[in-house]
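Peer 1: Take each chain as given, in its own frame, and dock them per the hints.
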Amino acid sequence: MLAHQMAMESEMVQAEMVEATEFPDLSNQYHIMGVPDTVINFGKSKMVGAVPEGQLLAEIMKVMA
Amino acid sequence: MSNLLNDDVRRQVREAFEQLQEPVQILFFGSKEQCEYCDDTLKLVEEVAEISDKLSVRVFDVEADAAVAENYNVSLTPGLVIAAVGEDGPIDYGVRYAGIPSGHEFSSLIQDLLLVSGRDSGLNEQTRDFLANLKEPVHLQVFVTPT
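Those protein sequences? They're chains L and W, same order as listed.
Using this note's numbering, read the first sequence as starting at 2 and increasing by one per residue.
Using this note's numbering, read the second sequence as starting at 97 and increasing by one per residue.
Chain W extracted, bound-state conformation (with noise of 0.2 Å):
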């Protein structure tokens, strides 16, 4: 099978994760039913985590592993988790993908390990003070399309 990521893209990228600090792991949650964009999703995935040694993936099935997926609240296969390394196993910290991450979403993607791996959000202090003090859950959902 050829690969999703050409040459020039997989030079960029390198060029990106130069930035990469604390190491990631991608945790990866398919279906064996009816899930057009699985197989290329984890392809492009472990095609990304390939290029460096601070990226990892861990794959699950919805169905199979469906205690994990449970935890996770992912229940949209392809489903991708943007988790930090703990020593206890990945740290959750609420980063979400439902769906291929290609086209315009692969710069997100590339933007998110950078932003879990420096593990600072760089927001301004008005929106971390509001945020530090929320008292409930807040829920948030991006529809966006590859191109």
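This is chain L alone, in the form it adopts within the complex (with noise of 0.2 Å):
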């Protein structure tokens, strides 16, 4: 939900909401262990849990620098 809302917000940001027990290719690629977990840039970050909005944008801002 969160990820959406910024996607909403930017033309920049793309987001996803993926099941991980349909894709375990891409779960295994990623090495997801629990949910949710996101992963930023195709996984130069990667954050388990529900992050709270000021927490992922601290996350993507180190990514983006």
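Treat the hints as calculated values from the structure; they're not laboratory data.
BS3-like mimics (lysine-lysine), calculated; alpha carbons at most 30 Å apart, straight line:
| hint | chain 1 | residue 1 | chain 2 | residue 2 |
| --- | --- | --- | --- | --- |
| 1 | W | K150 | W | K128 |
| 2 | L | K63 | L | K47 |
| 3 | W | K139 | W | K128 |
| 4 | W | K231 | L | K45 |
| 5 | L | K47 | W | K231 |
| 6 | L | K63 | W | K231 |
| 7 | W | K150 | W | K139 |
| 8 | L | K63 | L | K45 |
Covered stretches of chain L, going by a simulated chain W footprint (3 or more residues, C-beta under 8 Å):
| hint | segment |
| --- | --- |
| 9 | 3-17 |
| 10 | 25-39 |
| 11 | 47-61 |
Note that beta-carbon positions come from the ideal geometry of N, C-alpha and C, so glycine has one too.
Peer 2: Here it is, written out as structure tokens:
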């Protein structure tokens, strides 16, 4: 939901909810062990658990820096 | 074929949809090949869309409509793009689903329809400021499970 809010806000953001069990290859590729798990820019970073807005923002900032 | 949504769920969704503002179109991408959840996903979004006349569904096939799928950057099926409706067609905000939005994800789907319909992210100022100044694309994938 937060990821989708970010997509909604900016044309530069695309956000996809991925049903992990339906796409095991992708889940393995990113070593998904628990959900939710947010993968940023194809594995540049990853945040396990439901993260609050400020924390996800900070992580994206770090990846984009 | 019986309905995926029971009367109780349908009633709750109808109540939530009272908040719908602008029309929303769900672009469904399926595949004839090895797509265990394609049929159920299409049925699910069609049942949801039936609840409000502000909602519609367009159906694509990633093989038969390869150009459309590529245009929307959809490769996994079932895939959903939750788009607003503009004068010249769907307005893509980058809101996507890969896989069936059932269980927990069903309420996310309903929230997303309301989000896109309201055309406002609801994010705080700091986040909006940062996102407004993005120079390069950000790609987020949130892995979830239905239960």
